[in-house]
Amino acid sequence: MDNIFTRPKSLRDVSTHYCPGCGHGIAHRLVAEVIDELGIREKIIAIAPVGCAVIAYDYWNFDCSEAAHGRALAVATAIKRARPQNIVFTYQGDGDLAAIGTNETIHAANRGENLTVVFINNAVYGMTGGQMAPTTLVGQRTATTIAGRDIKTHGYPLKISEMLAYLAGVKYIERTSLSSPQEILKTKRAIKQAFQNQIDGAGFSLVEILSPCPTYWGLSPKQSLEWIRDVMAKEFPLGRIK
Amino acid sequence: MKRLMSGNEAMAEGAIQAGCSFYAGYPITPQNEIPAYMSWRMPEAGGVFIQAESELAAINMVFGASAAGVRAMTSSSSPGMSLKQEGISYIAGSRLPAVIVNVMRGGPGLGNIAPSQSDYFQATKGGGHGDYHPIVLAPATVQEAYDMMFKAFDLADIYRTPVIILVDGMLGQVMEPVQISTVSRKASIKKPWALTGCAGREPNIIRSLLLKEGALEEVNNILQSNYAAIQKKEQRYEDSNLNDAKIILVAYGTMARIAKVAMNKLCKEGLKVGLIRPMILWPFPEQAFIKATKKKVKFLVVEMSYGQMLEDVRLAVNGKAVVEFFGRAGGGIPSEDEIVGKIRKMLRG
Chain W
40 MDNIFTRPKS LRDVSTHYCP GCGHGIAHRL VAEVIDELGI REKIIAIAPV
90 GCAVIAYDYW NFDCSEAAHG RALAVATAIK RARPQNIVFT YQGDGDLAAI
140 GTNETIHAAN RGENLTVVFI NNAVYGMTGG QMAPTTLVGQ RTATTIAGRD
190 IKTHGYPLKI SEMLAYLAGV KYIERTSLSS PQEILKTKRA IKQAFQNQID
240 GAGFSLVEIL SPCPTYWGLS PKQSLEWIRD VMAKEFPLGR IK
Chain B
31 MKRLMSGNEA MAEGAIQAGC SFYAGYPITP QNEIPAYMSW RMPEAGGVFI
81 QAESELAAIN MVFGASAAGV RAMTSSSSPG MSLKQEGISY IAGSRLPAVI
131 VNVMRGGPGL GNIAPSQSDY FQATKGGGHG DYHPIVLAPA TVQEAYDMMF
181 KAFDLADIYR TPVIILVDGM LGQVMEPVQI STVSRKASIK KPWALTGCAG
231 REPNIIRSLL LKEGALEEVN NILQSNYAAI QKKEQRYEDS NLNDAKIILV
281 AYGTMARIAK VAMNKLCKEG LKVGLIRPMI LWPFPEQAFI KATKKKVKFL
331 VVEMSYGQML EDVRLAVNGK AVVEFFGRAG GGIPSEDEIV GKIRKMLRG
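Top to bottom, those sequences are chains W and B. Those letters in the first sequence? Residues 40 to 281, by this note's numbering. Those letters in the second sequence? Residues 31 to 379, by this note's numbering.
Quick caveat, the hints were computed from the structure, so don't treat them as lab data. A few of these clues could be false.
[Said to hold, decoys possible] Listed next, the stretches of chain B that the computed footprint assigns to chain W, with coverage defined by at least 3 CB atoms under 8 Å from CB atoms of chain W:
1) 129–137
2) 222–228
3) 254–267
4) 345–357
5) 369–375
[Unchecked claim] With a straight-line Cα cutoff of 25 Å, these simulated DMTMM-like cross-link-like pairs (lysine to aspartate or glutamate) come out:
6) 221/B <-> 201/W
7) 198/W <-> 83/B
8) 48/W <-> 83/B
9) 242/B <-> 76/W
Don't be surprised by glycine CBs; every beta carbon is placed ideally from N, CA and C.
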């Protein structure tokens, strides 16, 4: 009998700590499937973020390091330069990559570091209790914007992917979502492209994934997927950015 | 082979000779000769040089390179060292080796670029959050600054801990002849914990987050027993004229050289003056003081600060002798004459 669906070797057989309907579990699995398919598990060095996914190494079955909040791309830069034979990627949330780590993000991209970035945009800080993130939508209620994000005092959702696309050092940027099986398949293809680029020595590649956070959006898992499709993807349009 | 080099250049060359193959840094005076030297010398030696976008990025690059198993270093000066404290705490918590040079300038704040020793507390007491101590080396000559780089990388690897080379701006800038090592002195300390890709082994994880009940305390206990071993084995100091000294000067770095001149002047007059020069500041050389206080002596601590090492001297002396202090900071350096005057006053009193 043919085995048509199995656990990727890059994923450990453990139960999840993520909330019901959270996107991290799907994104972790997509990364693991891609790494298995490319046959690079034994070359991988991953950098976990600070945030809900900090213990991604409890799920992934390859070498991993933590980094201080926002510093993942500085850590990854050094690992890749010290060991160019390895495949190095960061997995970062919106607060990590686009607020406290904006400087590290921009400069790693601008140097054209041959790295892969999986960027999870769920428009809130999850681990600390649902505060406003740089990517929080206008009007979105969070723990620190109880009346909704107001452009007069909080500014606008930060489109870091579009900003990075201007930089000459950047090879590839695509924005995808986890809102449906079709979108999940597109996300997997984008992640695979971002890893293939590194294998080919092509340079800095980033996939921004719109990912559900039902707990801090105050929505059911199903409503969260609809909100990504109907609201979030209007502010953060899907598709190839560079 | 002898070469005329500044302290900054000598520390950079010493690092290369010690097998450092990764350097990341950010411009700040008075340490700029280190990144300038590394920018051409490191690639020549087959290593990686990165001019980082910030002090934070530089120290976190050192974290990454060290996690990947290579000997890694950064350098800075006082305000830049304040920025690096986050990374140093993570390096200590993740049990990674790293070497960090601090060429101290005046503070607080932006201060000035004159020599200073005002970062002693920050360097020896931890500096960042959490219970940790970096090992702190304090050379006094350009030759010693060069030689101590070998020691620094070895200690960092053996104890898996950050090591700080703490020098004042004068030692960074002054030029002296340096005997360059002609034999390879690269130690080969195995790093089975390093991130190299999990081929043929279970995955390695570098982490300092330990949420499970009891897990962090367990790692903290490992760190503390590591520190206890360092305190037992790694105290280093130089002493002069302790046999019949009535007054013992205590100073480190450039300050110790000035103190030595003052000591020699007074000894020529027949006065009984000695010197203890800590070569490693953490662990503090308590042994020197336990020995010295067996006789009736007084101590004079001299620093380019307002009394930071002074506190460790008082702890080591533990009330068994009078400890006095003379210090200046912010541009003023205690002079030979000022030290001589202070000692004469102590001998009269």
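Status of the hints after comparison with the structure:
Judged by the Cβ-Cβ criterion of 8 Å, the segment 129–137 of chain B is not covered by chain W as claimed, because only 0 of its residues qualify and three are needed. With 4 residues having a Cβ less than 8 Å from any Cβ of chain W, the segment 222–228 of chain B passes the three-residue criterion, so the hint holds. Counting residues of the segment 254–267 of chain B whose beta-carbon sits less than 8 Å from any beta-carbon of chain W gives 0, not enough to reach three: the coverage restraint is violated. Coverage of a stretch by a chain is defined here by at least three residues with a beta carbon nearer than 8 Å to that chain's beta carbons; for the segment 345–357 of chain B and chain W the count is 0, and the condition is violated.
Counting residues of the segment 369–375 of chain B whose CB falls under 8 Å from any CB of chain W gives 0; the rule of at least 3 is not met. The straight-line distance between the Cα atoms of residue 221/B and residue 201/W is roughly 41 Å, outside the 25 Å bound, and the hint therefore fails. About 21 Å separates the Cα atoms of residue 198/W and residue 83/B, which keeps this hinted pair within 25 Å; it holds. A hinted pair counts as satisfied when its Cα atoms are at most 25 Å apart, and residue 48/W with residue 83/B does not qualify at roughly 37 Å.
As the CA atoms of residue 242/B and residue 76/W are separated by approximately 33 Å, the hinted pair breaks the 25 Å bound.
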